[in-house]
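Build the full structure now, drawing on both the sequences and the hints.
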Amino acid sequence: MNDYQYDNQTVTGFIVSSIFWGVVGILLGLLISVQMWRPEFNFQPLFTFGRLRAVHTNGLAFGLGVGAIFGLSYYILMRLAKRPLLFPRLARVQLYLFNIGITLAAVTLLMGYTQSLEYAELEWPIDIAIVVLWVMFAVNVFGTVIKRREEQMYISLWYIIATVIAVAVLYIVNNLSIPAGLFKSYHLFAGVNSANVQWWYGHNAVGFVFTTPILAMFYYFLPKSTGIPIYSHRLSIIAFWSLVFAYLWTGAHHLVYTPLPDWIQTLGIVFTIFLIAPSWGSVVNGYYTVGSDWSKMNTNYLTKFFIMGITFYGLQTVQGPTQGLRIVSQLIHYTDWVPGHVHMGTMGWVTMTTAASIYYVIPKIYDTEIYSEKVANIHFWLVLIGQLIFSVTMWITGIQQGALWKAVNPDGSLKYTFVETLIKNYPFWQVRTLGGIIFTAGMLFFIYNIYMTMRRGKTPEMAKA
Amino acid sequence: MTDNGDNIEAFEAKETSRKLPVGWLVLFWGLILWGIYYFAAYSPAISGWTQEKAYQESVNK
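Taken in sequence, the protein lines are chains A and B. If you're matching positions, the first sequence starts at 1 in our numbering and goes up one per residue. If you're matching positions, the second sequence starts at 1001 in our numbering and goes up one per residue.
No wet-lab data here; the hints were simulated from the structure. Quick reminder that beta carbons are idealized off the backbone N, C-alpha and C, glycines included. Mixed in with the good hints, there may be bad ones.
Said to hold, decoys possible - A few chain B residues that face chain A, going by a derived Cβ cut-off under 7 Å, partial list only:
#, residue
1, Asn1004
2, Ile1008
3, Glu1012
4, Ala1013
5, Glu1015
6, Ser1017
7, Arg1018
8, Lys1019
9, Pro1021
10, Trp1024
11, Leu1027
12, Phe1028
13, Leu1031
14, Ala1040
15, Ser1047
16, Thr1050
What follows is the structure, encoded as structure tokens:
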């Protein structure tokens, strides 16, 4: 059992690192939300919106998101494969390299080094480090799956495998570039091709960082924490294969009404709308699972996290595809609707589900109970309210912005100047900051709860079999 | 530590593990059919629709 203890320490290391980068990313998010309506909060040159925005997105997607994905995937993997990791020391080195990588990412972005590709800002030397990191993850995942001691592969393993393969392909292809010095490079693809590859990557970062690994957690930790088995195994498998098949074709919906060929845009929209079905396969499965015993919503404090998480996943996977339709895109594209959409996904689905998974894992590893369910409930309500304020205000101002931009006088000239439309955003941006503060307060309750649980429990080395 | 391996059967509901809800199947096949229609309707090579023409029409209105 010593192997499990060593691996559990690695899992804990990833979780703690992920929470650390989460705090950094969320606090920077608060600062840049203030910068939107109080320009004097830009501090030249390092702490300006242009630089901090990329640190915020990268810090949370790769620091909080991928850190938690590494740790929780390893936890799930060991238990479903019924064995410790095949390469425990490699996983430990991966943990150290992960933190070095995110640190370098944050520093270089603050210094202004960027490839100017959204979610792929990091320059080529850091890209290489990230590929090395991902190969370490892949070797351990595939090695442990191949040497597993349980023949049947549960759905969560399929989602983890899809994550490993898809992210590798997406990240490498979109980061192919020609270096021009240590911190400057040019995308291998040019013009429309560059845009198409970039959004093929950009949208699937959402698919394979914010969806598949989170579904792996959902399918694993929902039955584990409630004790209720998943309603339909067949539905979960069909939803999985149709999801991974459709996702990789959808990126072009980011380029509606651009020079990208019309038929590619249309194909992207078709696959995007189809994606509602596999996404809702998981939503329906989640509801039917808990539907066999709704009293778990009261008796088990984690159930509501998972149900609320899958509910926002369900809302997102209808709202997002709808945005891809030409008729909707022409109103809300390039407006604040888009960050509203993204944040309902990241704050409502990803963070909610990940936090619930961590609530399950940490007491197990430390061989204790959660410090306080009451604190967890406060955390739940604060992040829920904060997220709703954030998303809803951005939707409203997004529609307003789009409508003002499109308004024309009888002679065809624009009715409003850009600055006039901008000023109307200010009250909504202020309310967004308020939503962000409430969400951040909720996350602080979460961190306090996890910290106290760790203090109360035995350390991973002490927890004997 | 007592949680080092999972009994895979505990994850699957016995009676319903092979069920596919009818409403979901309608959604699944419906979206595939809609996709075929939409692709035909908005592909220049099939229907003749282009975003350039659509733009001109909206300007002429």
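Results of checking the hints against the structure:
Taking 7 Å as the C-beta contact cut-off toward chain A, the hint placing B/Asn1004 at the interface holds, the least distance being around 5 Å. Interface hint status for B/Ile1008: upheld, as the beta-carbon distance to the closest one in chain A is roughly 5 Å, under 7 Å. For B/Glu1012, the suggested interface contact is upheld, since its CB lies about 5 Å from the closest CB of chain A, less than 7 Å. With a least beta-carbon distance of about 4 Å to chain A, the hint placing B/Ala1013 at the interface is held under the 7 Å criterion.
For the restraint placing B/Glu1015 at the interface with chain A, the shortest Cβ-Cβ distance is roughly 10 Å, beyond the 7 Å limit, so the hint is violated. The criterion of a C-beta within 7 Å of any C-beta in chain A is met by B/Ser1017, whose closest approach is roughly 4 Å, and the hint holds. With its C-beta approaching chain A no nearer than about 5 Å, B/Arg1018 sits inside the 7 Å limit, and its interface hint holds. Because the beta carbon of B/Lys1019 sits about 5 Å from the nearest beta carbon in chain A, less than 7 Å, this interface hint is met.
Checking B/Pro1021 against chain A by beta carbon gives a least distance of about 6 Å; that is within 7 Å, so the hint holds. Taking 7 Å as the C-beta cut-off, the interface hint given for B/Trp1024 holds, the closest approach to chain A being about 5 Å. Checking B/Leu1027 against chain A: minimum C-beta separation of about 5 Å stays under 7 Å; hint holds. The beta carbon of B/Phe1028 comes within 4 Å of a beta carbon in chain A, closer than 7 Å, and the hint placing it at the interface holds.
The interface hint given for B/Leu1031 holds, since its Cβ lies 5 Å from the closest Cβ of chain A, which is under the 7 Å cut-off. Taking 7 Å as the C-beta cut-off, the interface hint given for B/Ala1040 is violated, the closest approach to chain A being about 9 Å. For B/Ser1047, the suggested interface contact is broken, since its CB lies about 10 Å from the closest CB of chain A, more than 7 Å. Interface restraint check: B/Thr1050 against chain A, minimum CB-CB distance 5 Å, threshold 7 Å, status holds.
Hints 5, 14 and 15, counting from the list given before, are not met by this structure.
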